[in-house]
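J.: From first to last, the protein sequence lines stand for chains A and B.
Residue 199 in our numbering is what sits at position 74 of the first sequence, and the numbering runs on without skipping anything.
Residue 189 in our numbering is what sits at position 37 of the second sequence, and the numbering runs on without skipping anything.
Hints are computed from structural coordinates only; laboratory data are not their basis.
Mixed in with the good hints, there may be bad ones.
To be clear about the criterion: a stretch of chain B counts as covered by chain A if any three or more of its residues have a C-beta under 8 angstroms from a C-beta of chain A, and this derived list gives those stretches [claimed, not checked]:
| # | segment |
| --- | --- |
| 1 | 160-173 |
| 2 | 208-216 |
| 3 | 220-226 |
| 4 | 256-268 |
Heads up, the beta-carbon is just placed ideally off N, CA and C, and yes, glycines get one too.
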Amino acid sequence: DAKTTQPNSMESNEEEPVHLPCNHSTISGTDYIHWYRQLPSQGPEYVIHGLTSNVNNRMASLAIAEDRKSSTLILHRATLRDAAVYYCILRALQGAQKLVFGQGTRLTINP
Amino acid sequence: NAGVTQTPKFRILKIGQSMTLQCAQDMNHNYMYWYRQDPGMGLKLIYYSVGAGITDKGEVPNGYNVSRSTTEDFPLRLELAAPSQTSVYFCASSGQGPLSYNSPLHFGNGTRLTVT
């Protein structure tokens, strides 16, 4: 199973952009990159996903490197409510669908 | 729209007791998953299912069993509970139709289990 590597923690200030990196050097050509976040005392929630092109939605943007070996989740204007653990995972096109989460990045937002 | 429903929300078990954690989804999803999350740690995959009648082991299956007799339900059985199984358990589902690899996971609110 392709693995992902993320920094353990990051810190940012309110109303500033946040760039959360994820390395996935063993990604296969048909793996989708998914991002989830987990707010304190809650279950994880979906944020965004993509394959090759950069993606935007109301929550965030996803920038995918040209070689697809890394990606960056971008929160354009962080708020205190964005403080959470962010997980980057790879989802196969087909097959076992064994979705494994790594340790994630704990994001702290300073007021 | 209920989504993924887990019951119970909390449970305290004595060592050696057994119980079943219930998970139901009403989105006609193909894929269902059980994760556990120990305090301050990430999620570990216990078991998963790609459809009714099909289950497979995840990263940490020992001490657990699952079944998937219907599309909607994916119960997790703990036999002979041990203190090491104290954790928060999350059920998730995703995928409807041929492009289901592209669909996000929907998580339940979790079951907090303590084994003493």
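J.: Hint by hint, say whether it matches the structure.
T.: Right, here's what the structure says about each hint:
1. 160-173: Check failed, 0 qualifying residues.
2. 208-216: Three-residue rule met by the segment 208-216 of chain B, so holds; n is 3.
3. 220-226: violated (count 0)
4. 256-268: holds (count 7)
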